[in-house]
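Asks: Assemble chains B, C and D onto chain A, guided by the hints.
There are 4 protein chains.
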Amino acid sequence: MASSGPSHKYTALSGPPDFDLRYWRSSVVEEAFIDGLDEQSTEKVMTIKVAINGYGTIGKRVADAVDAQDDMEIIGVTKTRPSFGCDLAVRKGYPLYCTYNDVDKIAAFEPAGYTCHGGLDDLLAVADVVVDCSPGKVGAANKEAYVNAGVKYIFQGGEKHAMAGMSYTSSANHAENMNAAGTRVVSCNTTGLSRTLVPLYEHCGSLKVECTMIRRAADPGDSKKGPINAIKPVLKVPSHHGPDVMTVKPEIDINSMAVAVPTTLMHCHSIVAFLPEGHGLTTQSVLDMWRANPRIIIMNGGETNITTTAEVMEYARDIGRKWGDLHEIFVWEDGVKLDGNTLYYFQAIHQESDVIPENVDAIRALMGTEANWKVSVAKTDAAISAYNGL
Amino acid sequence: MASSGPSHKYTALSGPPDFDLRYWRSSVVEEAFIDGLDEQSTEKVMTIKVAINGYGTIGKRVADAVDAQDDMEIIGVTKTRPSFGCDLAVRKGYPLYCTYNDVDKIAAFEPAGYTCHGGLDDLLAVADVVVDCSPGKVGAANKEAYVNAGVKYIFQGGEKHAMAGMSYTSSANHAENMNAAGTRVVSCNTTGLSRTLVPLYEHCGSLKVECTMIRRAADPGDSKKGPINAIKPVLKVPSHHGPDVMTVKPEIDINSMAVAVPTTLMHCHSIVAFLPEGHGLTTQSVLDMWRANPRIIIMNGGETNITTTAEVMEYARDIGRKWGDLHEIFVWEDGVKLDGNTLYYFQAIHQESDVIPENVDAIRALMGTEANWKVSVAKTDAAISAYNGL
Amino acid sequence: MASSGPSHKYTALSGPPDFDLRYWRSSVVEEAFIDGLDEQSTEKVMTIKVAINGYGTIGKRVADAVDAQDDMEIIGVTKTRPSFGCDLAVRKGYPLYCTYNDVDKIAAFEPAGYTCHGGLDDLLAVADVVVDCSPGKVGAANKEAYVNAGVKYIFQGGEKHAMAGMSYTSSANHAENMNAAGTRVVSCNTTGLSRTLVPLYEHCGSLKVECTMIRRAADPGDSKKGPINAIKPVLKVPSHHGPDVMTVKPEIDINSMAVAVPTTLMHCHSIVAFLPEGHGLTTQSVLDMWRANPRIIIMNGGETNITTTAEVMEYARDIGRKWGDLHEIFVWEDGVKLDGNTLYYFQAIHQESDVIPENVDAIRALMGTEANWKVSVAKTDAAISAYNGL
Amino acid sequence: MASSGPSHKYTALSGPPDFDLRYWRSSVVEEAFIDGLDEQSTEKVMTIKVAINGYGTIGKRVADAVDAQDDMEIIGVTKTRPSFGCDLAVRKGYPLYCTYNDVDKIAAFEPAGYTCHGGLDDLLAVADVVVDCSPGKVGAANKEAYVNAGVKYIFQGGEKHAMAGMSYTSSANHAENMNAAGTRVVSCNTTGLSRTLVPLYEHCGSLKVECTMIRRAADPGDSKKGPINAIKPVLKVPSHHGPDVMTVKPEIDINSMAVAVPTTLMHCHSIVAFLPEGHGLTTQSVLDMWRANPRIIIMNGGETNITTTAEVMEYARDIGRKWGDLHEIFVWEDGVKLDGNTLYYFQAIHQESDVIPENVDAIRALMGTEANWKVSVAKTDAAISAYNGL
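Protein chains in written order, with numbering that gives the first Met the number 0: chain A, 0 to 389; chain B, 0 to 389; chain C, 0 to 389; chain D, 0 to 389.
The shape of chain A in the complex, shown without the other chains (with noise of 0.2 Å):
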């Protein structure tokens, strides 16, 4: 159901290409972007070996991102030991190596019943990009790996810019990273933070923004952490969550603060923008410029009762993405307010896979296959919808 032919519509990654219902509905996109978008079908030369270093939450959503584009393909995924993760990689197909180049630790795995193809640099040999999933920041030393090896590299928003030397977001600078031999995908705040934001900025020419992340304390699947009855305000303040936009476009002026809250499913970004004089905009107009860019879906809280992020997350499970994933904001309709020059509004970010759909744009970006940004978000989510099978 993927985009195909001479389609002059691309969608949100939450329907197929001329779905047109109520709530469901595509968008229709801007002439440049048309003309992209038909080149497309006829430009792919190779398919990308791409490496996925820690096959945990967000290297198992990456390598299915991968595996369901038509220009790369996963050449293998590293696990520390055998363990319960080696059987998805068995299930999905991807070949295993072991994240260390110890002769021990890559031999332990045969004995618990897993082909281990080799270790780290035995991975890299045959790649031509990694994608850095590891937790922690084990970062410095892996980039040292990767520049030995001479593939290109793509860290997590874990990871410090510096380490990296160059952030990503699609939105905000897939030109700058271009053929660039390594560079971070942001977090996931950052980058729900760009999706919205920089449009905007695009529009105004400048653009001052304060937020609050109101940010879930634990994953679903992670039951250590707590709090459990409590919010907890990152003291650090301002926090470093809203000025890490500026990694990637550095011209928006933003700060924020943080608390984590008893919650595992979403984050939320409580968000004021301050508009320069003259912006011409209305609460309408920006709804509509956010419903022309990718990776935004709006609804209408009073009229879905799609009224928190329990409800957000329950439409995720409909749509029938892997995981449960929404790699899209969620933008309330009724929670946005253009007050003068002050726009106020709520975003949801599904901290577990919004940066997925980014991570493969990285790879094109790096690799210099395709150079127009647009086009390689509606490549990379009909791809994966497509993937899913709605």
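Do not rely on the hints blindly, as some may be mistaken.
Said to hold, decoys possible - To spell it out: a stretch of chain C is covered by chain B in this simulated footprint if at least three of its residues, at any positions, have a beta carbon under 8 Å from a beta carbon of chain B; those stretches are:
1) 162 to 175
2) 222 to 230
3) 255 to 266
What the hints assert, rightly or not - For lysine-lysine, the following DSSO-like pairs were computed, each having C-alpha atoms within a straight-line distance of at most 30 Å:
4) 91(C) <-> 223(B)
5) 104(C) <-> 91(C)
6) 224(A) <-> 223(C)
7) 159(D) <-> 104(D)
8) 223(C) <-> 104(D)
9) 336(B) <-> 104(D)
None of these hints come from the bench; they were simulated from the model. We put the CB at the ideal spot given by N, CA and C, even for glycine.
Replies: Okay, now just chains B, C and D, sitting in the frame of chain A:
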């Protein structure tokens, strides 16, 4: 990837037939079962026309499970009014009907952009069997409509046994339900208890059980209900949950107590079963017995780090079933202990979905198309697994 | 242990006057304040007769706070019917009245073992002032009864400003409320905002504020309300919370957004205040200003390990105030940052109790017995601390 | 308001001696008990000097409970280092000591503004008995210090029975603990089970019990621990909780299972007790039996709307005990059912405080000053109630 050819194995829902990894292994079944499976592919002669009355949490899941089968099809689903939930039906290609026969209510769908094919009676007129997934206790009124329309009917566990006149769970009384006019698929809790207790009873010849149900207080998509920070005992003791097992297997002597707790994911049962003298079982042989029975997943919490319902649900998301559902009962291998004649164990129940495959089997029972419950179960489960693309 | 003799200090509610430990230290107050305090003990000539209409969550707390004062007394409290809550009133020695004037409803108390002294009108006949703590929005009807009875009245923040005609918070507009017929003590959130914003405004002469209220979704004793696992944005943006500050201090230009989260303990405010040029403040001087104002507790999260609302409430339990209440606003010292003209800070609000001392002060304002708000505050707080035995 | 004069009643902790309201009624005790009570006031000749080693969650509560008694006093409490928690001790007037004997560690208190009276050995030198409330399992090392210093010692339930050599709960084995060198006050769960099971056992002569403990996953002041949204079964079955009852009453045949759930307030026990033939009890007589025993509160959930642990804790806050504690076990009257020989009931346990009065009784047992456990209980409870000003 469903069961194909002359395979003499069937599988827990969690994997394709000949999957044999460490944690997602299939089960070898007993001989009698194998015979049934061989005949399965040749027996289908008709396609059962299934109506879903109430396309909500349970209805949408039953619809997809029916849609996955090759011997039945969804002939229509009902909604009370044009609303957000209609889109999912449209996307799936299920004909929409109105829950009511009122012409105004039927007419209200068109202006909202949905094609409504008529009222409930119109739907019943073209159906062989209706699965009643309406909320609340409107069963008695509905039953009259079903009987008048001459269609077979299946109620859910929220309705009383007395109203339906018959109850059903695949492992307990499929045979008694053959060709019945209607039945009630018992609740998620009763279905879960039947899965592990019926084989135990059948081995032992008698069984006395005391259990405590630690229930999730609200479903994941429900943001209204509490408590946020409390334990709520069901003060009617013993509770109705355990004794409901006796509607499908009256020989099991069972009582229960129940509490609701602030979680949305799964129920957890804490079970103490008193076996008769001379039962001849060991902890290991009980586990083996359950492994040889369908829709029971047994994993070792210590080995897999699946130590809470959060990790169980994460595992379900990895498996890739729609909505992150887990149709199987989850039993912790290291939480089972047979101490003399007393068997202690925990099991986790995915309240939104464990009854889904039972509804499919119940359709076959009422329609009289498959007398062997294990054959029906194997057919149902293989089709669902294939439908979910694993 | 209350303030005694010629002490020239007053104290935050959290400690006795000359307490000077590391974390529970008292504050030295400004000269004007000292003068007022000196006169305090000689001025009392009457005992104000206070009625509580609605002896529930707020009512029971206001009653005890009034009972603690030497210039007022509880003349009676109302309950709608004989119930569990009556026992607390009896234990406290507060005369019970019926919320209604209906003779049958009044008579219903006796057989249940409670002495009922009459209906609401009987209570109003012996009262000087009534504190309306009735739930929901029955204010308009009640107001008529109060006016007819010729008693002063105080509503709570759940009622609209327009109905009461006047609003109150100790630090903002005590003087304007002197001798008024009635007023409304603003909500817990507005009271909390006033505590920190009013002194800031008074220093700066103008103030613009954007804040996000992260609200507890239900009170600790409420097991009905959810959500269990979701964030619920208040889709009306800007929300009503911030602008309510302008009912007591119209000069502050403030907007707010709000979300509800699954916790019961406290609200948390994430505040961004834009100071005018030439404010002359530093992060440290802002902290000093707040320390010199009453009902603000400032602690360093890093030093005390009080890093979430859970530990704040544990601290409140240690302090020993009834119900584990915290009348003060809690500000994290290490969560305050003045960055140029922009001030960022977090504060936590105990929604069940922060308005309690304000109700006592409001009684003095309406009765015209104390014109200096700081004198009233010091008197109120010292009496409450003494009442709680610290 | 403590027991005064020749009163022949004693009271549950929840109320003053001759309090007789609907829900806060006192209990009439049996004759033997009355005799003991009469002697109580004349027997006191010494004041027991009590040291608290570890002034934390349990330590601070035990200290206040001891401080409330007229036959014992707090001679000192220990902290590991100068910290926030020291202030509470200073406010209370409890002499501060260092947990260690190291001079540098002792010296560190002074510069932080606290007077430290020495190390642990200095404290032991002036104590008759030490209550060990240190966290973790440092008991063995501490025991040696206590024995060497020649002081009696009381450990908490976190330590093993074997280490202490003796266990204690007031209703089960006060007599066996008379004049012992040391003992272990059993855990909150075991204490709670003893309260209701011991009288049942003593009536029946034999008792077999299966119970499920639904445990709060973290204390209210603990924001670190999860799970946020999961049920965590204790996979070791049967769990250690139930059998621990046998350290104080070996004749009770008991097993248990346990789960942790995302709440902070209370544990809830779901209990099935199998009574021997000829027990002669009814649901009502069981309730009467418990009402005649101390530290059990029985309320009807339907009548009082106390239907979850949230409302139980709210009731505790209303009662006015420090920290909102509930020393009593809470049994729902309408959640008790004797069905033939099988007794079903729920009880809620305030994990932070139910063992506190037992520690006081244990001091009297070890010091040999009161041989009648009911006399000690009545004395302990009346003093605590008075201390809390009710």
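Asks: Evaluate each hint against the coordinates.
Replies: Hint-by-hint comparison with the structure:
no., hint, in the structure
1, 162 to 175, "violated (count 0)"
2, 222 to 230, "holds (count 8)"
3, 255 to 266, "holds (count 3)"
4, 91(C) <-> 223(B), "36 Å, violated"
5, 104(C) <-> 91(C), "23 Å, holds"
6, 224(A) <-> 223(C), "25 Å, holds"
7, 159(D) <-> 104(D), "29 Å, holds"
8, 223(C) <-> 104(D), "49 Å, violated"
9, 336(B) <-> 104(D), "49 Å, violated"
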